[in-house]
Each structure stands twice: as C-alpha cells, then as structure tokens.
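Knowing the structure of chain U, use the given hints to seat chain W on it.
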Amino acid sequence: MTELLSCDVTVIGAGPAGLAAALEADRQGAKTLLVEREARLGGILKQCIHDGFGLVRFGEKLSGPEYAERFIAQLPESGVTIMTLSFVSNIERTDGGSLLTLITRDGMKRVRTRSLVLATGCRERTSRQIGVHGRHCAGVFTAGTAQYYTNILGKLPTRRCVILGSGDIGLIMARRLTLEGAKVVGVYEAKPTPSGLTRNISQCLWDFDIPLHTSKTVTRVFGDARLTAVEISSVDDCMCPIHGTEEIVPCDALILSVGLIPENELAESIGVPLDPKTKGAIVDERNETLTGGVFACGNALHVNDLVDYVSESGETAGRAAAQRETKRRGLLPVECDTSLLYVVPQRIDRNADLAERIFFFRSSAELDSATLSVSRGGQTLLTKKYAHLRPPEMERLALSIEGIQLSGEEPIRFHLEGTSHA
Amino acid sequence: MRDTIHLDPPKEIVCIECPNGCRILAEPSESGVRFSGYRCKRGLAYAEAELTRPMRTLTTSVRTVFADSPVVSVRTDGEIEKAMIRDVIDALGRIVVTRRIRIGDVVAENVCGSGVNIVCTSDRLVNAY
Chain U
193 MTELLSCDVT VIGAGPAGLA AALEADRQGA KTLLVEREAR LGGILKQCIH DGFGLVRFGE
253 KLSGPEYAER FIAQLPESGV TIMTLSFVSN IERTDGGSLL TLITRDGMKR VRTRSLVLAT
313 GCRERTSRQI GVHGRHCAGV FTAGTAQYYT NILGKLPTRR CVILGSGDIG LIMARRLTLE
373 GAKVVGVYEA KPTPSGLTRN ISQCLWDFDI PLHTSKTVTR VFGDARLTAV EISSVDDCMC
433 PIHGTEEIVP CDALILSVGL IPENELAESI GVPLDPKTKG AIVDERNETL TGGVFACGNA
493 LHVNDLVDYV SESGETAGRA AAQRETKRRG LLPVECDTSL LYVVPQRIDR NADLAERIFF
553 FRSSAELDSA TLSVSRGGQT LLTKKYAHLR PPEMERLALS IEGIQLSGEE PIRFHLEGTS
613 HA
Chain W
5 MRDTIHLDPP KEIVCIECPN GCRILAEPSE SGVRFSGYRC KRGLAYAEAE LTRPMRTLTT
65 SVRTVFADSP VVSVRTDGEI EKAMIRDVID ALGRIVVTRR IRIGDVVAEN VCGSGVNIVC
125 TSDRLVNAY
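Chains as they are written, first to last, in the working numbering: chain U, 193 to 614; chain W, 5 to 133.
Because the hints were derived from the structure by calculation, they are not lab data.
Quick caveat: nothing in here was measured; it's all calculated off a predicted structure.
Just so it is clear, CB atoms sit at the ideal spot from N, CA and C, and this is done for glycine as well.
Each statement offered as a hint is correct.
Every beta carbon over 10 Å from chain U, so not counted as near; a handful from chain W, in silico: (1) E31; (2) E34; (3) S40; (4) L48; (5) I84; (6) A95; (7) V111; (8) N121.
With a Cα cut of at most 16 Å, we get these calculated EDC-like pairs of lysine to aspartate or glutamate: (9) K253(U) - E83(W); (10) K45(W) - E21(W); (11) K375(U) - D399(U); (12) K15(W) - E54(W); (13) K15(W) - E52(W); (14) K375(U) - D401(U); (15) K15(W) - D399(U); (16) K471(U) - E455(U); (17) K86(W) - E52(W); (18) K577(U) - E609(U); (19) K471(U) - E460(U); (20) K253(U) - E21(W); (21) K223(U) - E269(U); (22) K576(U) - E609(U); (23) K86(W) - D401(U); (24) K347(U) - D72(W); (25) K253(U) - D500(U); (26) K86(W) - D399(U); (27) K375(U) - D444(U); (28) K253(U) - D81(W); (29) K223(U) - D200(U).
The following block holds chain U by itself, in its conformation from the complex (with noise of 0.2 Å):
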C-alpha cells in the first residue's frame, strides 16, 4: 500500500525560492511539506562559493551557501516537513488541489496537497541546443558543471579553456578556474554585447587579464576522446558565422555560458500555461499560475539575475499559496510592447487585497536616460525616469494601485523610451 500524506502546501524544490516559500508558508499557518531531489538543501546557491548575494535582503555580501543557511537555518524551528532525495514523477490535478507521486529512498509516496508551488529553478543552454558542430569529445561543459567539478568535487575540469557566452555564471567561473590555476584563453559572445552584470565583467574578467572579445562566436569543437582546440569564428549583425574568419584556439574544455531557461516540465504535464518571452508561468502579483492553485515561483518563473528578488517571489508564492479562502480572480492582462523584453506578472488580479502591485521588468536594448510608463485606457498610472538600462540587469517596480480604477477588460500596458547607449 503506497502512503498517502496529506497537506496544505507543497513547495517542489529546495532552493532560494523554494526554501522562501515553505518558510512563508509555514509562518501563515499552512501544513508544508518541502521536496528536494538532491540529498542537500539550497539549490544552485550550494556550487554559488562567490559573494555578492544578500545585499537587497541583509545588506550584506554573503556567498551563496551563506545566503542558504540563512533560509535552512530556520527550518528546525518551524514546522515545515522536509523530504530531500525525493522525486516528483507525477501530478494528477483534484478537485481539491493535486496529487503527487513521488519517488523517494523510502519507496513511492502519495502526497494530497490544496496549493502547489513550483521552485523547479533552471537549467543551462547545452551545446546541443546552440549549434555547436564538431566530435563528441570530453571536456564541453556547462559552467553549472564545471563549478559544480570545481567547487562541490573539488577536481578542475579543466587546465585550458575557452569560455562561450558572456552570461554571470560564465564570468564567474572565468574568475574561479584562474584562481584555480587554469588558464581561460578568453570569453567569447556571439552578441555585440556582453550577457552578464557590469560589474562581473569587472572584477572576474578586468582584474585577471581575461580577454572579453563580443561578436565572436564557436563554430566546431576538436578532439578525439578528450577536447584539443576549438574554431572561433567572427559573427555579423544576424549573428551567423562570417566565412574565413575562423582561427582555431587549442584547449582542453569549451565552457557555456548562453543563457539559462526555466524548468517548467512539472508545470507543463498538468497544463500550466507558460508565457513564450519568460518561459515561464504566466501569474499574478501572487505568483498563482492560471491553473488555480498551482503557484510559480523564483528562476522557474523567469530567470532572476538577483537572489534577493529570487527569496522575495518565493515569499510571494508562499504567502497566497497557504490562504485557505480563495477569491474569484479578476485577471487583467499586463502587456509590454517590443521595448521591454516581458514583465512578470502578466496578469493582475483586481480583486486582491493589495496595496502595491510588484512589477519586475527588463529592456531590450541598452537605454541611456529612459523613461518607463506604465498605462491603462488613456490613463498614465506612472511614470519613473531611470539613467540607464540594460537587458542583463532586470528592475523591480511597485506600483501603487490605490485610487485607480480597475474595472473593465482594458490590459496596463509597459512601455519604454530612452535613447540608445552609445
């Protein structure tokens, strides 16, 4: 006979956000239960040894596992039931929420749960899914991987390599190998400009001499059983590979660095629709998907370049995830045109109780002094002015919804000017 548990809230995943919201949960009184596939708590945040998170938060720069323990070191008091190297293989939707089948070292387990909350985080772009040709060889990783090698194992994955894509993690580890004593021959991005925060090209490439060179991109990979060198070639303005500009680089691993995408394989097998700009859910201000009851949460919702903003949406979830009473929702769509890459919420609910509403947004292209309005009808609900903007640096607004009307189906739109960065 497979065990049936029973509970209010189920949080999928133990990382930042997760880990937020089953402490959020908890503290509203909602029986949780949080599950974690891996034998550790924290996520991402475990390989993550840099500092720099947790200054919204604690306005301090913890490294990741300090900024885990923050959240982990709360659980024993509370009431949250934690099941790690558990597996979520199935959930079937109720009349009263979902039921979930899990596989765990202790057999398959049945779990009945009023709200879910999906903090599924996730993965990294694979070479499989960029076009890199050439030989299966040992020695592509992703730089999850390699610091996963560098930082948990504590073996290098490498003594020479090339770094493809200019997103944080890769930026990172460029800094991390090279402590380490290997040598990264340069950070390649296919882009004209650079994925990752301003300040990571700084201190991880700047201050160890790493080349950053941008519209350059790998075309082919080398070697037999292991990686020997890799094909560089120049890109154009449609990012194609430009004939006769290759140059082979020799190296013993080719790292990843192009982007992250959110998992969303729970939440599509029960229907959860996902929006095309964010690849995540579509939600509300209270992170509920469309599938009532089901809530998303952290980078499965969209891929956050701050952890702060990351323990923040967990809290969200969390929070609506344990209230028992259920209001109809009245959704209204949040739009933004092609000068913002999307906005999360893309619904607003006009009858929640709220006083503000959370917006998180980013550009598509670099602004200098931009000016953000946000509409509704005719109406501007506001205006906010802001130096400068970059796709890689996403912002929070919160808007106050006090004293304006709400009724009708009339969508508020997002829309950005500025001029563009020189």
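Below, chain W without anything else, positioned relative to chain U:
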C-alpha cells in the same frame, strides 16, 4: 601606493559594491582627482581605492579530509589588496581542513600577513542536509 596616477584619458571604474554597477569616471582636477557617476559614498570610496590601493574580498575553497565534502568554501573576513590574491591562493593550497567546521570558523589567521582571516562560508560539513 602609486606615486603617479595616469588619468589621461579619464579612467572609467565599474563599481563592484552592489548590483547597480555604477560607472564612475575619474578625471584630473585642480585639487587632484574628480569622480563622477557614483551613487553612494561606498562607490566613491571604491573608486578612490581603485586608483591607489585596489582591495578585494577573496572567495575560494580549501581541501578537506572528508569524502562527503572534499572541499569547503571559504573567504577573507575583510578585504585584501588585489595584488595579494595570488599569494593568498597559494597559501590556501597548502591547507587541509581536518575538523567539521561551520560558517564563520577561522581556517587561517592573518593570511600572508594581510591582517585578515580566512573563514569558512558553508555548513555542509556539519549539516545533515
């Protein structure tokens, strides 16, 4: 300390104190150096230090004797001179942790005479999960 600072052309310094990543411009002026573009006093202090004695917090890992965690993460408990990073890394390469230490425990005191300690930044050696 450097005797002279070359600011022709003006030097752009990217502040690493917070996610804002302010671009601070250092230009020569009659009274020395004029800084612009910073948004807080920490940024100004960072820019000033960058021109004279750049300081960094170092985060890295050290080896342990434990099979479940062959390395544990550490950092300096204050800032060290940027120029000292390589020496400190080399010194830490000679350390092996033999106790189940936790966050804040000192792994090396006054490392390389810098006046700062190396402290553990993870509870993975003591946590059950």
